[in-house]
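> Here is what each chain is made of, one letter per residue.
There are 2 protein chains.
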Amino acid sequence: MVKDIFTFFSRIMKGDRVALGQAMTLVESERYSDRVEAIQLLELCHQHLPARDKSIRMAISGAPGVGKSTLIEALGLKAIAQGHKVGVITIDPTSSVSHGSILGDKLRMPGLSVSPDAFVRSSAAGSVLGGIGRRSFELMTLLEAVGYDIILLETVGVGQSEHIAWQLTDGFVLVLQPGGGDELQGIKRGITELADIVIINKADGSLRDSAAISKSHYQNAIHYLAPLRNNWDPKILMCSALKNEGIDEFWDVLRLYMDTRWYANQKEIERNRQNHFWISWSIGITANQLLVNHPVVQQKLRERLSGNENRSIPIFKAEYEIEEVMKELIVPSTTNNI
Amino acid sequence: MVKDIFTFFSRIMKGDRVALGQAMTLVESERYSDRVEAIQLLELCHQHLPARDKSIRMAISGAPGVGKSTLIEALGLKAIAQGHKVGVITIDPTSSVSHGSILGDKLRMPGLSVSPDAFVRSSAAGSVLGGIGRRSFELMTLLEAVGYDIILLETVGVGQSEHIAWQLTDGFVLVLQPGGGDELQGIKRGITELADIVIINKADGSLRDSAAISKSHYQNAIHYLAPLRNNWDPKILMCSALKNEGIDEFWDVLRLYMDTRWYANQKEIERNRQNHFWISWSIGITANQLLVNHPVVQQKLRERLSGNENRSIPIFKAEYEIEEVMKELIVPSTTNNI
Chain A
1355 MVKDIFTFFS RIMKGDRVAL GQAMTLVESE RYSDRVEAIQ LLELCHQHLP
1405 ARDKSIRMAI SGAPGVGKST LIEALGLKAI AQGHKVGVIT IDPTSSVSHG
1455 SILGDKLRMP GLSVSPDAFV RSSAAGSVLG GIGRRSFELM TLLEAVGYDI
1505 ILLETVGVGQ SEHIAWQLTD GFVLVLQPGG GDELQGIKRG ITELADIVII
1555 NKADGSLRDS AAISKSHYQN AIHYLAPLRN NWDPKILMCS ALKNEGIDEF
1605 WDVLRLYMDT RWYANQKEIE RNRQNHFWIS WSIGITANQL LVNHPVVQQK
1655 LRERLSGNEN RSIPIFKAEY EIEEVMKELI VPSTTNNI
Chain X
1355 MVKDIFTFFS RIMKGDRVAL GQAMTLVESE RYSDRVEAIQ LLELCHQHLP
1405 ARDKSIRMAI SGAPGVGKST LIEALGLKAI AQGHKVGVIT IDPTSSVSHG
1455 SILGDKLRMP GLSVSPDAFV RSSAAGSVLG GIGRRSFELM TLLEAVGYDI
1505 ILLETVGVGQ SEHIAWQLTD GFVLVLQPGG GDELQGIKRG ITELADIVII
1555 NKADGSLRDS AAISKSHYQN AIHYLAPLRN NWDPKILMCS ALKNEGIDEF
1605 WDVLRLYMDT RWYANQKEIE RNRQNHFWIS WSIGITANQL LVNHPVVQQK
1655 LRERLSGNEN RSIPIFKAEY EIEEVMKELI VPSTTNNI
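Top line first, the protein sequences correspond to chains A and X. In this text, residue positions in the first sequence follow this note's numbering: the first is 1355, and each later residue adds one. In this text, residue positions in the second sequence follow this note's numbering: the first is 1355, and each later residue adds one.
The set of hints was computed from the structure by calculation and includes no laboratory data. It is possible that part of the hints are untrue.
Pairs involving identical chains hold if they fit within one copy or between any two copies, as the list cannot separate such chains.
[Said to hold, decoys possible] Calculated pairs, DSBU-like style, for lysine-lysine (alpha carbon to alpha carbon, straight line, at most 35 Å):
#1 K1408 to K1681
#2 K1589 to K1569
#3 K1621 to K1654
#4 K1654 to K1681
Isolated chain A, as found in the complex (with noise of 0.2 Å):
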């Protein structure tokens, strides 16, 4: 099994595309079995990646329709052309195969899903948490050891998600629309403040006057927000990936972001703090699927809270009863000081 596992490892070290799907999969699985490989298979990814500056992990984020896809092909294939490696991990929600639709990603990303310079992965649907898949940061991890440098990782803009994502990356990319007159449409709150590169796409034609107005507004209101990193101030580019306009300057201020973010030893702390955060997001996950998705514990929850959502559901003694049925899963131990 463990020279299975260096075996595996070093076709996909040697570039074998075929064994970096088939690593993906084996790390989105959640058989037993799988698990074990999939850990043996990181930690050798892990203990190789490379230590250079010139690679980045980049959540772009933003709402569905406002064209990630098209501005992440466009800007792929501009790194590319610059002489990098691109790696993206996306949602595909149209997406119904274990591993995400090969034909989604052909149609939205024509360019990088045959260049041998770029790996397109959607992530496997039922893996998926609301916005951020389960296991991105293992993908990231298998892109960057193999050798893909500009890694862009896609989040759909639920819940809480971007804020994980924000956590998990090296920097944050909000993707908008432009906006009709004074109110910015799409503009979900809480998440504007988390982006160091706003672009606002689809500044063409006859909504070219609008996007020059939303990007306006958004300096306006960044400028009154404290600054999220200290030598980082967010920069609002307007672009037309369709018509692969802006991107040379999106791709410009990608470069300058990551001399500005890696000074000194800038990247190894930053990866620390990224590790620290993803293994307590993780193991919650976790401890929430082993005791909260528990059927027993969700039988309860439908059992309580099913029916009439009215003041009288007794809600107190429905949680403390979860509760209950919750510690009654632990195992008792000695040292179970609960």
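Once you have looked at the hints, place chain X on chain A.
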């Protein structure tokens, strides 16, 4: 036991303040026998929650030192003068006794702490999770059942606590102090957009001009963000809580907020939403405490993550081992399909 709870409940409902304090201590207790009685009491209170529309639970958030206590004191006394009863749940950072510092309350809110129409409770230091008390939701239920109709929940502004507080209350007040020049001091990104009412406090004397500038900056910033609620635009006010200036306006805005918020049957719908969020949040905390905070798991975490915080820590192996430890803590069952 049951008969005692009914008697206890009657005393509380009749206005026995000592009994109310004891009830809060009971609710915040983690002892098993106390939990059973606390749940019975909370259910009685829950059934007796008045249906009146003129009651509201407001989160009062802001960085330490902006003057939240002074503002709560000023607003509270105004509300009492208008015929209301005010309940305050605070976190006393200097507190070390099990239910907060009575002396601290008397110093920080001298008027409210002696008013028969107010009840001030400092949450026990040990029960605070970041910036919000573990049992704050339960304490608000107690206060409202007894007849306190303006309930102010102070949060400290740590981590994600404001987002939790936002979910568990009817409205959100953000308290700031005037900033210097262009940059607004003390603004914590990520919560600006949660605010229904923004108070620029300490807007007196030499800080008055600065406060006016801050107010206009915030008006600009918030103007460009999508509104959080359907029928309410955030209001920004300047106050000097110490000099009791701007407090009448604050009260008027709060009353307007109540009228606007509770149109039709919105209160019932809103409180149901809060109830459901609360149950998910509360059982999630319990799940984490039962598993992640289990001594066995904590020991494993310390072993694996201690010492040198550098990239040679096998994070994936560590996470996997901790998962395995947690799984071993779960009783296997025939219905267990994990």
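> Measure nothing new, just compare the shortest in-copy and cross-copy C-alpha distances for K1589 and K1569 to 35 Å and report within, between, both or neither.
Classified as both; 10 Å inside a copy, 24 Å across copies.
> Checking K1621 and K1654: alpha-carbon separation at most 35 Å within a copy, between copies, both or neither?
Answer is between; shortest inter-copy Cα gap is 27 Å, intra-copy 46 Å.
> Treating 35 Å as the Cα threshold, decide for K1654 and K1681: within, between, both or neither.
both (13 Å within a copy, 21 Å between copies)
> Is it within, between, both or neither when you check K1408 against K1681 at 35 Å Cα-Cα?
Result: close neither inside a copy nor across copies, 48 Å intra and 39 Å inter.
Hint 1 from the earlier list is the only one contradicted by this structure; the remaining hints agree with it.
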